[in-house]
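Required output: the full structure, derived from the provided sequences and hints.
Residue numbers (UniProt numbering), protein chains in the order written: chain A, 1 to 504; chain B, 1 to 504.
Rather than coming from a laboratory, the hints here were simulated on the basis of the structure. Everything numeric in this text was worked out from a predicted model, so none of it was measured. Yeah, the Cβ is synthetic: ideal placement off N, Cα and C, and Gly gets one too. Mixed in with the good hints there might be a few duds.
As the list claims (entries may be wrong) - Cβ-Cβ distance ranges computed for the label pairs, FRET-style:
hint	chain 1	residue 1	chain 2	residue 2	range
1	B	Thr395	A	Gly301	49 to 57 Å
2	B	Leu216	A	Phe459	28 to 36 Å
3	B	Asn339	A	Asn356	43 to 51 Å
2 protein chains.
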Amino acid sequence: MGLLTQVKPNSNDELDLQLIDPGRIKIDCSGSYIANDHLLREQYHSPTPSTTPSPQASDSSSESDGDVDGELNGFKEGESESSNEPKGNAALPPDLKKADISSNKIREIELTTTNLNNEYDLTKNITLPKHNSEVIHISVDIGGTLTKLVYFTKSHRGDGKGGGKLHFKDFQTENFSNEVLKFMIKLIQKSIHKKEVPPITYIMATGGGAHKFYQLMTKTFRKYKFPMKIIAKDEMHCLIKGLDWLITKIPNEIFTYDLEENNTRFIPNPYTHDEQIYPYLLVNIGSGVSMIKVTGPGPNGFERIGGSSLGGGTLWGLLSLLTEANDYNEMLEMAQRGNNENIDLLVGDIYGSNYNKIGLKSSHIASSFAKVFKKLRFNNDLNKDGMLNGSPRLTPAEKLAQFKQEDIARSLLYLISNNIGQISYLQALRFGLKRIYFGGSYISGHKQTIHTLSYAVNFWSHGDMKSYFLRHEGYLGSVGAFMMGPNSENLKNHESNSPKSNKS
Amino acid sequence: MGLLTQVKPNSNDELDLQLIDPGRIKIDCSGSYIANDHLLREQYHSPTPSTTPSPQASDSSSESDGDVDGELNGFKEGESESSNEPKGNAALPPDLKKADISSNKIREIELTTTNLNNEYDLTKNITLPKHNSEVIHISVDIGGTLTKLVYFTKSHRGDGKGGGKLHFKDFQTENFSNEVLKFMIKLIQKSIHKKEVPPITYIMATGGGAHKFYQLMTKTFRKYKFPMKIIAKDEMHCLIKGLDWLITKIPNEIFTYDLEENNTRFIPNPYTHDEQIYPYLLVNIGSGVSMIKVTGPGPNGFERIGGSSLGGGTLWGLLSLLTEANDYNEMLEMAQRGNNENIDLLVGDIYGSNYNKIGLKSSHIASSFAKVFKKLRFNNDLNKDGMLNGSPRLTPAEKLAQFKQEDIARSLLYLISNNIGQISYLQALRFGLKRIYFGGSYISGHKQTIHTLSYAVNFWSHGDMKSYFLRHEGYLGSVGAFMMGPNSENLKNHESNSPKSNKS
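Quick look at the structure:
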């Protein structure tokens, strides 16, 4: 039976996630590495190359073979852009290389922030030098805010033994039909046109949008006469599967935050023994937060035990009204420069000192954002009706102008991060878990966020629990879906029913 | 040794809270009652008298004797206002009595909201018909946002056997010197001038501001030549003491929220047995949140086990920037009318349906406030630089105008309340506590808030934990401090050193 006849999109109104399980592909991870040095967002501001460990970084230029990012970045019809991806010395993004980094040119460097942040996302590629077998699928994790896509490209080396690369790309879910589908179509078309690779015929889909956009994907691929098969996988299972793959296969993937040295610290070698890994709590922070207890490998080893609606969507939602930040990256940059003491009510503001009896320092936040209404009301001498000395009340712009946007951004970043840290601690405590992995695009390699989450867990647990972070934090679900890809049996089916015959 | 010489304000730079413990006064609570029917804020909109149980309400008119609220409301020097307190039939606030409540006059009633809310605070008085012994102290709980004051007035009945009333009054802490101190001075002056009552000579102070404003209070009273003694008490101890007094002495003080019938339910009789009360978790929601585990009576029966910086100050702070509400009451009214589905990203928005596997309904909030940035970005067709079709970015006012303030208020009320509910559940779970008392001015008798807290606790605990609320929710600390008042020995000292001699 050919693949095309197996796809029955119209009879599939009620989607059963577990209906089809084609098994798992075997990705050869030996010798894999992340071919760039960039870990934390703030390091993009650094005028000197960072020193995070990635021994292979210096030869990453030779790894650009086979990349399709460049060709596909301008994926809108009729457009063609050259690659944004840093090539050559990956330790220093190209804009920094061009910039004069003497002190009076700092502004020039800062102006490149937006570009640099885009590159932050593009430098997550994982090189798989030994993986030479065919890959006929891509994966997509369609979240409430972001859609995360993972795909594989083969090296250009003629003998087919040059290995390849995993690529990671994200989009706004709101642009699903405009951007994600178009990007997928380009990827598929490219794979069909290239004689030396088999065409992509599977989409491994996860996240809430795997349900919501299932019909749209099916309809679109039929329109293009692509014989695609979309396999939807359970979100929590994919997260765990992705985390498992990353921490057991990829060197320098995991890092922790050293609260004393105030810096990140890599775990160079992947974990190989179960006792290094289990049990743990995975806290995945996307638009909202999911918390998953994991006691062992396999589909019976995990359980979603809680969550929170206060996540990345909350932070971005509030800050899109309260600041002029145009995207999440700008917002993180703002927070980095802000001072929350102008916004938050500290223990010292209430007590005039520490509240030693219950262990609260004067610098602890007693009430997030609580200085704002005091300043608005009392600095402006407003009366009870909000009148300003008899004049009409302040406009929203006048009110906002009394605060630095950076301070607001920092206060809210702390608010969300502290809160997630505390709930994570309480959930971990329920089950005696000592390791907490934080994933999800909320973190985005942002040092303050990582520090705050680590600090909160350490504070509440009195140092008894440890926080772990991941370089591919936002891609756990899509990596998991990718690793669950179609099994070899389907691959055989596919080979005997080459979709290339559907071309023209 | 006289009291005056015991007060050494200048040598008291480092305040030791536990230095002085003059014991406790005995307040005779027999026959006590709350002389009004108003429990929930929304009932003020009701055109018919509410039906909450308070059998004595009909004779509350006779209880106005001895009130000083009216005389003291206009406490600013040179001002004199008549009482705002509802007299006569307390079941219906005076503005409602005046208003034509036919359907086309609803607006008129709504306009009185602010007045009615003020009255909400004024109808908390507790009548103590049997307490006839002298009271020479007031109490004050100085929080990060509000200062809560409790004082006693004797009935005007000539024989001195008419009992009296406890009064509850709150102020903005920011106005401490302008309002709180002036109100205290008026109270003290009044007590000095009245021949039939002994003058107030003790201030029982608690809350963070008891430290911060200690010197200011001392200095001010010395200036007025009042022989006041300020006794600062530990905040957590006062909260527990106040809760204990209210739930064991005052009928119809405790209520619960019936999630099926969607209404409040009184617990008519005070608790008399320890097993009805202990153990429990007290969650006190002021500017920030304190959580106190209580396993038994007395100072060794409680421990602060956690807290959160996301409390009333956070809600008010955010809404003072995001809405035109002039005070907390207006903000609560706004939330009552709002629809959070325009602001929050629901499970159904992401999945297109329920996520049955993990028990999330499509109506559950997946990410609070997360629809806002989507609407701003995609409804306005903004490009990546925040440009609107080539025009400059939206102003704060233009952005805010795309959302209903009421919807924003409701979303944030849910955000804070759900979050507190979840953390309360997790903290209670740690210690196997099944009863959670919610106190603090955050609640303010607001039905949505009470519903949300109850719902969250019920949802997370699968009905295993029960939420309790209090009519004097905001006054636990000040009631506790009041009940800890000076002991009879000090009273004797005081009588032999009458401060009246300091007059003139």
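Hints, one by one, checked against the model:
1. The given range of 49 to 57 Å is respected by Thr395 (chain B) and Gly301 (chain A), whose C-beta atoms sit roughly 51 Å from each other.
2. At about 33 Å, the beta-carbon gap between Leu216 (chain B) and Phe459 (chain A) stays in the expected band of 28 to 36 Å.
3. Restraint check, Asn339 (chain B) to Asn356 (chain A): a C-beta distance of roughly 45 Å satisfies the suggested window 43 to 51 Å.
Every hint from the earlier list agrees with this structure, and none is contradicted.
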